[in-house]
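*Asks:* Based on the hints, put chain B in the right spot on chain A.
Those sequence lines, one after another, are chains A and B.
First residue of the first sequence: 1, per the numbering used here; consecutive thereafter.
First residue of the second sequence: 431, per the numbering used here; consecutive thereafter.
Hint data in this document are derived by calculation from the structure and do not stem from the laboratory.
Do not rely on the hints blindly, as some may be mistaken.
[Unchecked claim] Simulated restraints on C-beta separations:
1. A:T228 x B:M794: 55 to 61 Å
2. A:Q24 x B:A822: 53 to 59 Å
3. A:T119 x B:Q502: 39 to 45 Å
4. B:Q606 x A:M364: 45 to 51 Å
5. A:A392 x B:D719: 54 to 60 Å
6. A:M364 x B:S603: 44 to 50 Å
7. A:P254 x B:G671: 39 to 45 Å
8. A:W253 x B:D491: 52 to 58 Å
9. B:G516 x A:Q90: 53 to 59 Å
10. B:D776 x A:T228: 51 to 57 Å
11. B:A845 x A:G279: 26 to 32 Å
12. B:T490 x A:G33: 38 to 44 Å
[Unchecked claim] The calculated SDA-like cross-link candidates involving lysine to any residue, where the alpha carbons are at most 25 Å apart (straight line), are:
13. B:K612 x A:G292
14. A:K184 x B:D701
15. A:K182 x A:Q231
16. A:K184 x B:A665
17. B:K602 x A:A69
18. A:K42 x A:Q95
19. A:K182 x B:G722
20. B:K614 x A:A69
21. A:K184 x B:P703
22. A:K172 x B:D701
23. B:K614 x A:A365
24. B:K612 x B:A665
25. B:K602 x A:R270
26. A:K184 x B:Q702
27. B:K602 x B:P723
28. A:K42 x A:A69
29. A:K182 x B:P723
30. B:K614 x A:Q231
[As the list claims (entries may be wrong)] The following residues of chain B were derived to be distant from chain A, with all beta-carbon distances above 12 Å:
31. R455
32. Q520
33. A605
34. A720
35. D743
36. R760
37. P791
38. M794
39. A839
40. G846
Remember, it's a predicted structure, so these values are computed and weren't measured experimentally.
We put the beta carbon where it would ideally sit given N, CA and C, even for glycine.
Residues per chain are reported as follows:
2 protein chains.
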Amino acid sequence: MIGYGTVGRGVAGLLHEHAELYTQRTGHQVQLGRVLVRDVAKARVAAAQAGDPEAATRFTDDPAEFAAAPAQVVIEVAGGLDPVDGWIRQALQAQRHVVTANKALLAARGPELFALARTHGVSLAFEASCGGGIPCVTALTAGLMGNRITGLYGILNGTCNYILTEMTQRGKSYAQALAEAKDKGYAEADETLDVSGADAGQKLAVLASLAYGVNITGDQVPCWGIDTLEQMDVAFGAELGYDVKLIASAERWPGHEPVGLSVAPCFIPRDQPLAQIHGSLNALAVEGDAVGPTLFVGAGAGQGPTASAVVGDLLNIVTGSYPAHFAGMRLTPDLHPPAEHVAEADLEGRWYLRLSAQDQPGVMAQITDALGSRGISVSALLQHPPRDGETAVPVVVTTHRATRGNVQAAADAIAGLDVITGPPVVLRIL
Amino acid sequence: MIGYGTVGRGVAGLLHEHAELYTQRTGHQVQLGRVLVRDVAKARVAAAQAGDPEAATRFTDDPAEFAAAPAQVVIEVAGGLDPVDGWIRQALQAQRHVVTANKALLAARGPELFALARTHGVSLAFEASCGGGIPCVTALTAGLMGNRITGLYGILNGTCNYILTEMTQRGKSYAQALAEAKDKGYAEADETLDVSGADAGQKLAVLASLAYGVNITGDQVPCWGIDTLEQMDVAFGAELGYDVKLIASAERWPGHEPVGLSVAPCFIPRDQPLAQIHGSLNALAVEGDAVGPTLFVGAGAGQGPTASAVVGDLLNIVTGSYPAHFAGMRLTPDLHPPAEHVAEADLEGRWYLRLSAQDQPGVMAQITDALGSRGISVSALLQHPPRDGETAVPVVVTTHRATRGNVQAAADAIAGLDVITGPPVVLRIL
Numbered sequence: 001m002i003g004y005g006t007v008g009r010g011v012a013g014l015l016h017e018h019a020e021l022y023t024q025r026t027g028h029q030v031q032l033g034r035v036l037v038r039d040v041a042k043a044r045v046a047a048a049q050a051g052d053p054e055a056a057t058r059f060t061d062d063p064a065e066f067a068a069a070p071a072q073v074v075i076e077v078a079g080g081l082d083p084v085d086g087w088i089r090q091a092l093q094a095q096r097h098v099v100t101a102n103k104a105l106l107a108a109r110g111p112e113l114f115a116l117a118r119t120h121g122v123s124l125a126f127e128a129s130c131g132g133g134i135p136c137v138t139a140l141t142a143g144l145m146g147n148r149i150t151g152l153y154g155i156l157n158g159t160c161n162y163i164l165t166e167m168t169q170r171g172k173s174y175a176q177a178l179a180e181a182k183d184k185g186y187a188e189a190d191e192t193l194d195v196s197g198a199d200a201g202q203k204l205a206v207l208a209s210l211a212y213g214v215n216i217t218g219d220q221v222p223c224w225g226i227d228t229l230e231q232m233d234v235a236f237g238a239e240l241g242y243d244v245k246l247i248a249s250a251e252r253w254p255g256h257e258p259v260g261l262s263v264a265p266c267f268i269p270r271d272q273p274l275a276q277i278h279g280s281l282n283a284l285a286v287e288g289d290a291v292g293p294t295l296f297v298g299a300g301a302g303q304g305p306t307a308s309a310v311v312g313d314l315l316n317i318v319t320g321s322y323p324a325h326f327a328g329m330r331l332t333p334d335l336h337p338p339a340e341h342v343a344e345a346d347l348e349g350r351w352y353l354r355l356s357a358q359d360q361p362g363v364m365a366q367i368t369d370a371l372g373s374r375g376i377s378v379s380a381l382l383q384h385p386p387r388d389g390e391t392a393v394p395v396v397v398t399t400h401r402a403t404r405g406n407v408q409a410a411a412d413a414i415a416g417l418d419v420i421t422g423p424p425v426v427l428r429i430l
Numbered sequence: 431m432i433g434y435g436t437v438g439r440g441v442a443g444l445l446h447e448h449a450e451l452y453t454q455r456t457g458h459q460v461q462l463g464r465v466l467v468r469d470v471a472k473a474r475v476a477a478a479q480a481g482d483p484e485a486a487t488r489f490t491d492d493p494a495e496f497a498a499a500p501a502q503v504v505i506e507v508a509g510g511l512d513p514v515d516g517w518i519r520q521a522l523q524a525q526r527h528v529v530t531a532n533k534a535l536l537a538a539r540g541p542e543l544f545a546l547a548r549t550h551g552v553s554l555a556f557e558a559s560c561g562g563g564i565p566c567v568t569a570l571t572a573g574l575m576g577n578r579i580t581g582l583y584g585i586l587n588g589t590c591n592y593i594l595t596e597m598t599q600r601g602k603s604y605a606q607a608l609a610e611a612k613d614k615g616y617a618e619a620d621e622t623l624d625v626s627g628a629d630a631g632q633k634l635a636v637l638a639s640l641a642y643g644v645n646i647t648g649d650q651v652p653c654w655g656i657d658t659l660e661q662m663d664v665a666f667g668a669e670l671g672y673d674v675k676l677i678a679s680a681e682r683w684p685g686h687e688p689v690g691l692s693v694a695p696c697f698i699p700r701d702q703p704l705a706q707i708h709g710s711l712n713a714l715a716v717e718g719d720a721v722g723p724t725l726f727v728g729a730g731a732g733q734g735p736t737a738s739a740v741v742g743d744l745l746n747i748v749t750g751s752y753p754a755h756f757a758g759m760r761l762t763p764d765l766h767p768p769a770e771h772v773a774e775a776d777l778e779g780r781w782y783l784r785l786s787a788q789d790q791p792g793v794m795a796q797i798t799d800a801l802g803s804r805g806i807s808v809s810a811l812l813q814h815p816p817r818d819g820e821t822a823v824p825v826v827v828t829t830h831r832a833t834r835g836n837v838q839a840a841a842d843a844i845a846g847l848d849v850i851t852g853p854p855v856v857l858r859i860l
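Chain A with its partners taken away, still in its complex shape (with noise of 0.2 Å):
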């Protein structure tokens, strides 16, 4: 194993104390062998506090030698792009399995990774990248291969969820809630890749690029992130029967070839399963052409949701089947060609767009033009009465399907208005 964080040790663990219900299931002994770590000596001391001295002996800060010991497996769970990529191909090379709980070196690099245990003829697993204890990759790759797959819609950031669902439910500020979320440790010191929406990037891309079998990169996903969200669009949504949730789609409309991607805060009706994922929950809804609506609810990170997707892989790969699987499923992204995927303006949806106007006659006439001249239709109106201390008042608009692009180029008309202060908010309808 490299790396004995907070995965690791759970990882660790697991294997020690169901050892015997392994053997049960699988007919294999399955034993952690060497723990590759950057400090032996802190490893030593995380190991004796988690209650596996066993384990202080395994401990090497030498790759050459931890590449040289007897291993079918390896298992990363330190994380990073560098050097656990190189770790990962000389164990590949010398033809190991490999799982991995990485998302953002598969996010990066996995079509390379994934040609490589090809080329050398083992399996590379990754169930723990994405939605930590759901087993959704086993699900989009195994379980509902008999669909062709028409959308995917995940929470896959557990912090940003936290937030937004305390924004929700407690009316919030986007700094308050960031401000506990850090304080309870369900946010990194520092918190950009979560709240940016990258984190959710990487995964939907990993996740994307098997359910459409088809190749694609976290840099090609646009994200919109939570952080310049404004607790009155919360407040306001919820007036319209809106839970706000940082949802990563990948979708395939009727008659399309590309894949529609974004990450983006959305408002989704609140009688909407995925509506009811709160906290640091994570969630994925899958749409196929056969099944109809499918919905995969756990834990998206922590100690033990992540170690069962590791052991989880591990055991497949004892078994035999994953490696099959591997060699048999033809969804990894080193298949396939990179995707073309649908441009940001030409996303379809329903909208959601806040203006702060002039409470004068006239202004609503000037916003029904600016949207009608572009062809996108009004699904309701809401003036709001002025803040305190604020002569404009704001105004809400949801529409019927639209494209991005329309929807932007008509807000930023509408921004261009005298009676218009500040910079409209737009944010899609589920």
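*Replies:* Frame of chain A; chain B shown alone:
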């Protein structure tokens, strides 16, 4: 394929429509061969109506001719025990993999069939037997393998869930909701198998056998149906914040090896995800010691979802991964002794009791005495106004954790009191 009913036509349709997709995914051409039906003329009409004229030449009503035709896999979507059982055994003996959607057969004779498949070096796949479109068999036997499972809670019968949703959300009586379900085709002309809980019990036997690595048959699952549920209890539960669902549960309490099995209408707090599963949807909540709570949701039955599961199994056989999984992951009940299970009286939970009492002093003391003397702690006690034209008042008691046996004994004692009219109603609170 054996059978050409709703599901069979769905399978044929997918194999026809997605032929190219399946070849891309598996590297093999997957083609439908002979189809064994009872009435060839009727099947030809159905095939023509389904826009599948090509299928018309494939039908035979002769089991011997069917068995002699070339095939690597036999799909069984006919249902029932005999003669289907014999044809499945014949296929396995001829070293053909079998895919079945037949929960009744698996719940009754699963271990024999699994063992026969092993003897002949082939596999028996059955994702479609439980929960229609939800790939929950795959989740339980592959994705969650690192866990010791501690709880399964399923909404596994769409007919019951439809009826209960109508009773809860629209205040209908059981009889009204059932009549409507029949009108809309959600319930069979003879609804007994569904509303008695027997259908959910068969599915629970299959799923719990896998989850706990034991051998449970359908007849070992105690079933309480929804057919005696009164609208009054649905309404009183709603006042307390509960929705009622028919829950198939298999639990292993800490320190207990035996599995507690039950199918029964249960109250679920409305903010729990399982309470949000409405209409004909199915869901399975799985709790594992590492992963924590997970939830899988999808269509419970119907042509598309069931065909999706059947074809998913088929494609995983074609790639070789399912045969390796079936041989290597030792979960199926043929490998395990019959399960010890918890006696009905020892099932633990929280409980709802509804009594009909005379409105006179001392009644409450007598009721709480009967509970307290059996060590049952009361959580809430609510006396409702008498119903029109009745002198007795409904009294609702909710308890803290207690065994069903103790609660039933207390209810029986309470029923014997002079001040109580009619039998008490006992329902579990999850």
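*Asks:* Decide, hint by hint, whether the structure agrees.
*Replies:* Right, here's what the structure says about each hint:
1. Separated by about 57 Å at the C-beta atoms, T228 (chain A) and M794 (chain B) satisfy the suggested range of 55 to 61 Å.
2. Evaluation of the 53 to 59 Å hint for Q24 (chain A) and A822 (chain B) yields a pass: the beta carbon distance comes to about 55 Å.
3. The given range of 39 to 45 Å is broken by T119 (chain A) and Q502 (chain B), whose C-beta atoms sit roughly 29 Å from each other.
4. Q606 (chain B) and M364 (chain A) have their C-beta atoms about 46 Å apart, which keeps the hinted 45 to 51 Å range intact.
5. Look at A392 (chain A) against D719 (chain B): about 55 Å separates their beta carbons, and that is inside 54 to 60 Å.
6. Taking the beta carbon of each, M364 (chain A) and S603 (chain B) are about 48 Å apart, inside 44 to 50 Å as hinted.
7. At about 42 Å, the CB distance of P254 (chain A) to G671 (chain B) agrees with the hint of 39 to 45 Å.
8. The hinted window of 52 to 58 Å between W253 (chain A) and D491 (chain B) is violated, with their beta carbons roughly 44 Å apart.
9. Taking 53 to 59 Å as the suggested C-beta distance range, the pair G516 (chain B) and Q90 (chain A) conforms, at roughly 54 Å.
10. For D776 (chain B) and T228 (chain A), the Cβ-Cβ distance of about 56 Å falls inside the hinted range of 51 to 57 Å, so the restraint holds.
11. Range check, A845 (chain B) to G279 (chain A): about 43 Å between beta-carbon atoms, so the 26 to 32 Å window is missed.
12. Separated by about 56 Å at the C-beta atoms, T490 (chain B) and G33 (chain A) break the suggested range of 38 to 44 Å.
13. Distance restraint check for K612 (chain B) and G292 (chain A): the Cα-Cα separation of roughly 23 Å lies within the 25 Å cut-off, and the hinted pair is therefore satisfied.
14. A hinted pair counts as satisfied when its Cα atoms are at most 25 Å apart, and K184 (chain A) with D701 (chain B) qualifies at roughly 23 Å.
15. With a C-alpha separation of about 19 Å, the suggested pair K182 (chain A) and Q231 (chain A) falls inside the 25 Å cut-off, and the hint holds.
16. For a cut-off of 25 Å, the pair hint linking K184 (chain A) to A665 (chain B) is broken: about 39 Å separates their Cα positions.
17. Distance check on the hinted pair: K602 (chain B) and A69 (chain A) sit about 68 Å apart at the alpha-carbon level, beyond 25 Å; violated.
18. The straight-line distance between the Cα atoms of K42 (chain A) and Q95 (chain A) is roughly 30 Å, outside the 25 Å bound, and the hint therefore fails.
19. Annotation: proposed proximity of K182 (chain A) to G722 (chain B) holds, straight-line Cα distance about 23 Å (limit 25 Å).
20. Of the pairs offered as hints, the one joining K614 (chain B) and A69 (chain A) is violated, with about 64 Å between alpha carbons and a cut-off of 25 Å exceeded.
21. Between K184 (chain A) and P703 (chain B) the CA atoms are separated by roughly 24 Å; this keeps the pair inside 25 Å, and the hint holds.
22. With a C-alpha separation of about 21 Å, the suggested pair K172 (chain A) and D701 (chain B) falls inside the 25 Å cut-off, and the hint holds.
23. Our distance criterion of 25 Å between C-alpha atoms is broken by K614 (chain B) and A365 (chain A), whose separation comes to about 46 Å.
24. Between the alpha carbons of K612 (chain B) and A665 (chain B) the distance comes to roughly 23 Å, so the proposed pair stays at or under 25 Å and holds.
25. Only pairs whose Cα atoms come within 25 Å are accepted, and K602 (chain B) paired with R270 (chain A) is accepted, the gap being roughly 24 Å.
26. Annotation: proposed proximity of K184 (chain A) to Q702 (chain B) holds, straight-line Cα distance about 23 Å (limit 25 Å).
27. Among the hinted pairs, K602 (chain B) with P723 (chain B) is inconsistent with the structure: their alpha-carbon atoms are about 32 Å apart, more than 25 Å.
28. Taking the CA atoms of K42 (chain A) and A69 (chain A), the gap is near 21 Å; set against the 25 Å cutoff, the hint holds.
29. For the suggested pair K182 (chain A) and P723 (chain B), the alpha carbons sit about 24 Å apart, so the restraint of at most 25 Å is met.
30. For the hint pairing K614 (chain B) with Q231 (chain A), the CA-to-CA distance comes to about 44 Å; that exceeds 25 Å, so the pair is violated.
31. The beta carbon of R455 (chain B) is not kept farther than 12 Å from every beta carbon of chain A, the shortest such distance being approximately 6 Å.
32. Here Q520 (chain B) stays apart from chain A, with its beta-carbon at least about 26 Å from theirs, past the 12 Å limit.
33. No Cβ of chain A comes within 12 Å of the Cβ of A605 (chain B); the nearest lies about 27 Å off, and the non-interface call holds.
34. Annotated as non-interface, A720 (chain B) brings its C-beta within 12 Å of a C-beta of chain A; the closest such distance is 4 Å.
35. Its beta-carbon lying about 9 Å from the closest one in chain A, D743 (chain B) breaks the requirement of being farther than 12 Å from that chain.
36. Non-interface call for R760 (chain B) relative to chain A: violated, since the shortest CB-CB distance, roughly 6 Å, does not exceed 12 Å.
37. Consistency note on P791 (chain B): stated as away from chain A, and its beta-carbon is indeed over 12 Å from all of that chain's, at 44 Å minimum.
38. Remark: the non-interface label on M794 (chain B) is consistent with the geometry, its nearest Cβ contact in chain A lying 37 Å away (cut-off 12 Å).
39. No Cβ of chain A comes within 12 Å of the Cβ of A839 (chain B); the nearest lies about 37 Å off, and the non-interface call holds.
40. The beta carbon of G846 (chain B) sits about 44 Å from the closest Cβ of chain A, which is more than 12 Å, so the claim that it is off the interface holds.
Violation of the numbered hints given earlier is confined to hints 3, 8, 11, 12, 16, 17, 18, 20, 23, 27, 30, 31, 34, 35 and 36; the remaining hints are satisfied by the structure.
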